[in-house]
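Chemist: Residues per chain are reported as follows:
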Amino acid sequence: MKISASFFWLSTYCLFATPPQRVSMAGGTAHIPVMAEAASILAKENIQLEVSAGGSGVGISKAGSGLVHIGNSGRPLTPEEKTRLGLEEHRFALDGIAIIVHPRNPLKNLTQKEAQAIFSGERSIWIPFNAASPKITLYTREEASGTRQTFKEGVMQSIPFAPHAHVLTSNGAMKLAISRDPNGIGFCSIGHVDASVKALAFSGVEATQTLAASGAYSLVRPLLMVTKSNPSPEVKRVLTLIQSPGFASHIQAHGYLPLVTP
Amino acid sequence: MNPFSLTWQPDLGLWGITPMIAGSLQSACLAWLIAMPWAVGLSAAVWVWPTWGRLVTLGLRGWVGIPSLLYGFFSVCIWVELLRTWGTGSGYSWLVTSLTLALLILPPLSLCLLEGWRQLSASMWRTASLLGYSPLERTRMLLPALLPSVRQGGALALGRALGDCMIALFVSGNIPQLTVNPLEGIRTLPAHMVLTANMEATSRGFASIFYGAGVLALLSMGLPKVCMMAMGGKRGCFSIPSRWIWSLFVPGSLGLFLIACLGMGGYIGYRVLQGIFVALSSPLPFLPIWLTPLLTSLWLGIWVVGIVIAGGIGLTMYMSTLGSRSIAIWESGLQLLGGLPSILIGFLGVMVLWVWHGYFGESARGGMGLAVVCLSLLTLPTMVHVLRAGLAQLPLEWKHTCRLLGYSPRWMWMKILLPALRPSLITGSLLVFLRAFEDTAVCLLTGAVAFAAFPTQWGEAFSPLSFQLFFLADQYRNEGELAQLYLVSGIWIAMAWGILALVSRFQRRFL
Numbered sequence: 002m003k004i005s006a007s008f009f010w011l012s013t014y015c016l017f018a019t020p021p022q023r024v025s026m027a028g029g030t031a032h033i034p035v036m037a038e039a040a041s042i043l044a045k046e047n048i049q050l051e052v053s054a055g056g057s058g059v060g061i062s063k064a065g066s067g068l069v070h071i072g073n074s075g076r077p078l079t080p081e082e083k084t085r086l087g088l089e090e091h092r093f094a095l096d097g098i099a100i101i102v103h104p105r106n107p108l109k110n111l112t113q114k115e116a117q118a119i120f121s122g123e124r125s126i127w128i129p130f131n132a133a134s135p136k137i138t139l140y141t142r143e144e145a146s147g148t149r150q151t152f153k154e155g156v157m158q159s160i161p162f163a164p165h166a167h168v169l170t171s172n173g174a175m176k177l178a179i180s181r182d183p184n185g186i187g188f189c190s191i192g193h194v195d196a197s198v199k200a201l202a203f204s205g206v207e208a209t210q211t212l213a214a215s216g217a218y219s220l221v222r223p224l225l226m227v228t229k230s231n232p233s234p235e236v237k238r239v240l241t242l243i244q245s246p247g248f249a250s251h252i253q254a255h256g257y258l259p260l261v262t263p
Numbered sequence: 095m096n097p098f099s100l101t102w103q104p105d106l107g108l109w110g111i112t113p114m115i116a117g118s119l120q121s122a123c124l125a126w127l128i129a130m131p132w133a134v135g136l137s138a139a140v141w142v143w144p145t146w147g148r149l150v151t152l153g154l155r156g157w158v159g160i161p162s163l164l165y166g167f168f169s170v171c172i173w174v175e176l177l178r179t180w181g182t183g184s185g186y187s188w189l190v191t192s193l194t195l196a197l198l199i200l201p202p203l204s205l206c207l208l209e210g211w212r213q214l215s216a217s218m219w220r221t222a223s224l225l226g227y228s229p230l231e232r233t234r235m236l237l238p239a240l241l242p243s244v245r246q247g248g249a250l251a252l253g254r255a256l257g258d259c260m261i262a263l264f265v266s267g268n269i270p271q272l273t274v275n276p277l278e279g280i281r282t283l284p285a286h287m288v289l290t291a292n293m294e295a296t297s298r299g300f301a302s303i304f305y306g307a308g309v310l311a312l313l314s315m316g317l318p319k320v321c322m323m324a325m326g327g328k329r330g331c332f333s334i335p336s337r338w339i340w341s342l343f344v345p346g347s348l349g350l351f352l353i354a355c356l357g358m359g360g361y362i363g364y365r366v367l368q369g370i371f372v373a374l375s376s377p378l379p380f381l382p383i384w385l386t387p388l389l390t391s392l393w394l395g396i397w398v399v400g401i402v403i404a405g406g407i408g409l410t411m412y413m414s415t416l417g418s419r420s421i422a423i424w425e426s427g428l429q430l431l432g433g434l435p436s437i438l439i440g441f442l443g444v445m446v447l448w449v450w451h452g453y454f455g456e457s458a459r460g461g462m463g464l465a466v467v468c469l470s471l472l473t474l475p476t477m478v479h480v481l482r483a484g485l486a487q488l489p490l491e492w493k494h495t496c497r498l499l500g501y502s503p504r505w506m507w508m509k510i511l512l513p514a515l516r517p518s519l520i521t522g523s524l525l526v527f528l529r530a531f532e533d534t535a536v537c538l539l540t541g542a543v544a545f546a547a548f549p550t551q552w553g554e555a556f557s558p559l560s561f562q563l564f565f566l567a568d569q570y571r572n573e574g575e576l577a578q579l580y581l582v583s584g585i586w587i588a589m590a591w592g593i594l595a596l597v598s599r600f601q602r603r604f605l
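Chains as they are written, first to last, in the numbering used here: chain A, 2 to 263; chain B, 95 to 605.
Take the hints with a grain of salt, since some may be wrong.
[Stated by the list, open to error] If we take Cβ atoms under 7 Å as the criterion, some of the chain A residues that face chain B in the derived model are:
{"#": "1", "residue": "SER25"}
{"#": "2", "residue": "GLY55"}
{"#": "3", "residue": "GLU143"}
{"#": "4", "residue": "ALA145"}
{"#": "5", "residue": "PRO161"}
{"#": "6", "residue": "PHE162"}
{"#": "7", "residue": "THR170"}
{"#": "8", "residue": "SER171"}
{"#": "9", "residue": "GLY173"}
{"#": "10", "residue": "ALA174"}
{"#": "11", "residue": "ASP182"}
[Unchecked claim] The calculated label-pair distances, taken between Cβ atoms and stated as ranges, are:
{"#": "12", "chain 1": "B", "residue 1": "ASP105", "chain 2": "A", "residue 2": "SER134", "range": "25 to 33 Å"}
{"#": "13", "chain 1": "B", "residue 1": "MET323", "chain 2": "A", "residue 2": "PRO161", "range": "40 to 48 Å"}
{"#": "14", "chain 1": "B", "residue 1": "PHE98", "chain 2": "A", "residue 2": "PRO161", "range": "18 to 26 Å"}
{"#": "15", "chain 1": "A", "residue 1": "THR241", "chain 2": "B", "residue 2": "PHE304", "range": "39 to 47 Å"}
{"#": "16", "chain 1": "B", "residue 1": "LEU149", "chain 2": "A", "residue 2": "GLN22", "range": "47 to 55 Å"}
{"#": "17", "chain 1": "B", "residue 1": "LEU488", "chain 2": "A", "residue 2": "ILE42", "range": "53 to 61 Å"}
Hint data in this document are derived by calculation from the structure and do not stem from the laboratory. Ideal Cβ placement from N, Cα and C applies to all residues, glycine included.
Based on the provided sequences and hints, a complete structural model is requested.
Modeler: Structure below.
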C-alpha cells in the first residue's frame, strides 16, 4: 500500500511539477557530438538541450513545422524552404565529406570520374582488368541524409547511386562498417575520420578540414542550425553559445572548422 | 508511379516497395525454417535427457530476456564479422538476418513446444514406455501428436520474425534489391519504415511508409494463418521420422544449442566485463548518460503497467459477461492486436500525431504520453490473456455461490475474484513492464530523443534506455562509448532475467 501511495505521489509530482527550460533539436547526425557537448554546458544553466537525429531533411521539416525548436542541417536552406517554412539559418561550422576506405586499402586518391564509376556501380572490382581483384562493397547513407546530399551534389551530380549499395543510418555506423570491411568504400563527415578508416584524397586534394576551409577541397558543406524567426530566449542562448568563440574549441575538437576563431 | 514496382531508386524517381516485401518474407521464412526444426529437436532433447534439459530450459528462459536490439547489436559484432571473414561480401546479408531472427524466435518457440510435450497425455507416454521404447524412441513415436503446438508456436514465431525491426536494421545491409543469394543484402519492410520515416513528409519516399505499413499489417495477420493451414492437412505436416535421422537430429539440436549458448554467452560476458573495466577507467561520464534513460524507462513502464492493469481488468470483467460467440470475436480481435508488430503500433501513433497536428497545429507533439498510449495498446492483449487464464483456473463454485447469496457481480469481482487473481495480475504486470521497457520501435516513432531530461509532462520528449542504447549503438565514436554500450547491455540483460525469474517464481507458486 505504501509503495502504491509513493508511486501515486511521485507521478502526481512529476506530472504537475514546473517543467525545466527545454530546447529540442533534430536533424543531421554530424551535429550530434557537438550538440551533446553543448548540452552538458547548458545543463549547468538549467537549459535541457534534447538532441535527436534523423538527417538534415528531418531537421528542416521538423523545425519548419514547429515540432522542434532547432533543426540541424548539413546543407543550406533552399530559397523555397526559407519562404515556405519561414526559417532562418545560423551557421556555426564547416565540414568536409571524406571518401573513406579500410586502412589496409592501398588506394590513396580518387578523381571525380572514378568516384562516380564506383558509387554508381559501373566499376565493381578494385583493380580494373584483374579477374582476381576483390569486389567493391559500396556503402551509402539513407535518402534524408545531408551527408548523402552533399556527396551527391559534389560527386555524383546527376548520376544515380548503385541500387545494390548498403544503406547505413549515421556517420558512426558508416565508419564502423568501413573499419571492418577491407573491400568497403563509403563517405562520412571528415569530423568522424580517425585511425580506424582511411580518408582518400579527392581529385588530388587531401581530405582535411584545413584544406576544406581554404576552398581547395571541394566536398564541403556548412553545418548550420535553422529556427523560426524570433526564437525564444533559451533557444537564442543555445544559438549564441554554439556560435561563440568560447565554444569554437569544442567544435574544433570534434574535427569541424568553427566559423569564429577560438 | 506504381508503389509496388520492382525497383526502389529515388535518384531515378522509382519508389517500388516490392523488394522490401520480398525481403521481409525471405528473412522471416528462412528464420522460421532454421528455428522450427531446431526447436523441435531441442524440445525433444529436454525430455530425453532431463539433466541437460534443466540447463536448456534455463538457457532458453535466459535468451527470452534479451531484447531484439541487443541481438542486432551483437550480431553485427559476431555473425557479420564471421561471414565476412569466411565468406564473400560485406557480411550484411539475408543469411545473417535470418540466422539472428532464428536465434530470436528459437526460445519462445522451444518453450511453446516444451509445453506441448508436457501436455501430451500421461497415458501416451506410459504406453510408449510399456512398449519398451527408450526415451529417444518415445519422443520419435509421439512426434506427430505435437502438431497442434508446432502449428500454434510456429505461427507466433513467424509473426515475430516478420515484424522485427531492429535486427534487420542492423544486419540486413538495407539494400532494396530482389535477390535469391542468401549472402547478399536485403531490406525488410520494418527497416524501410524506419529509414524513410526521416524523409520529407510530402515526398513519395515518406508515402511509401503507408504502403509498407499496410502490406506489413496484412502479412502479419495473414502469413501466420497460412502457415497454420499449411501445417494442418489431414495427415499433419510430419509423420514419424526414421530412427537414424532422429537419433542424429535430437542430440545435434542439443549440441548446437549448447555451442550457441557457450559462444554467445561467453562473448557477451567477455564484452560486459571489458565494458566494466573500460567504463571504470574511462574519463567518459557514465551515470549522467545512462541514469536518466534508465529512470525514464522505469517511469514509462510503470505508467504502461498502470493503464494496462486498469484496461485489462475492465476488459476481462466485460468479457466474462459475454456469450461464447461474442467472446470469440473479442479474442480474435485481441489476437490480431497482439500479433501486430510494434513498429505498426508506433506508426499508428505517428498517424494519430499527424491528424492531431493537422487540427491543433504546433501544439501537437509526440512524446511520453503518445508512447505510453501506444505501448499500452501493444501490451493489453498480454494482460488480458494472463488474466483470463488465471480466471479459468478459479473454481466455478465461487461464482455460483456468490450468485445464490445474492451478491452483485461488482461485489463478487471486487471482494472475491480480483484478490484471487492477484498472482495473475502480478505476472501480467511484470510481462507488460518488460515488454514496455525493452521496446525500441514504438519509442523511435513516437518522440524519443537522445539526452532528454526526465519527462515531467505528457507532451515532452523523452529518452528511454532502449532508445539511448539504439542511438549510441548507431552513433558511437570511440572504444570508451562502445564499452559503455556493452556494460549497459549487460545491466539490461541482468535486469530482464531478474524480472523473468520473478514471473517464473509467481507462476510456480500460485498458478
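Chemist: Hints first: check each against the structure and report whether it holds.
Modeler: Structure-based check of each hint:
1. SER25: Check passed: Cβ of A/SER25 comes within 6 Å of chain B, closer than 7 Å.
2. GLY55: For A/GLY55, the interface hint holds, since the closest Cβ of chain B sits about 5 Å away, which is under 7 Å.
3. GLU143: holds (5 Å)
4. ALA145: holds (4 Å)
5. PRO161: Given a least distance of 3 Å, the restraint on A/PRO161 holds.
6. PHE162: Given a least distance of 6 Å, the restraint on A/PHE162 holds.
7. THR170: holds (6 Å)
8. SER171: With Cβ-Cβ at 5 Å, under 7 Å, it holds.
9. GLY173: holds (4 Å)
10. ALA174: Holds. Min distance 5 Å.
11. ASP182: holds (5 Å)
12. B/ASP105 <-> A/SER134: 25 to 33 Å: holds (27 Å)
13. B/MET323 <-> A/PRO161: 40 to 48 Å: holds (42 Å)
14. B/PHE98 <-> A/PRO161: 18 to 26 Å: holds (21 Å)
15. A/THR241 <-> B/PHE304: 39 to 47 Å: holds (41 Å)
16. B/LEU149 <-> A/GLN22: 47 to 55 Å: Since the Cβ atoms of B/LEU149 and A/GLN22 sit about 54 Å apart, the hinted range of 47 to 55 Å holds.
17. B/LEU488 <-> A/ILE42: 53 to 61 Å: Taking Cβ atoms as reference, B/LEU488 and A/ILE42 lie about 59 Å apart, which means the hint holds.
In this structure, none of the earlier numbered hints is contradicted; all agree with it.
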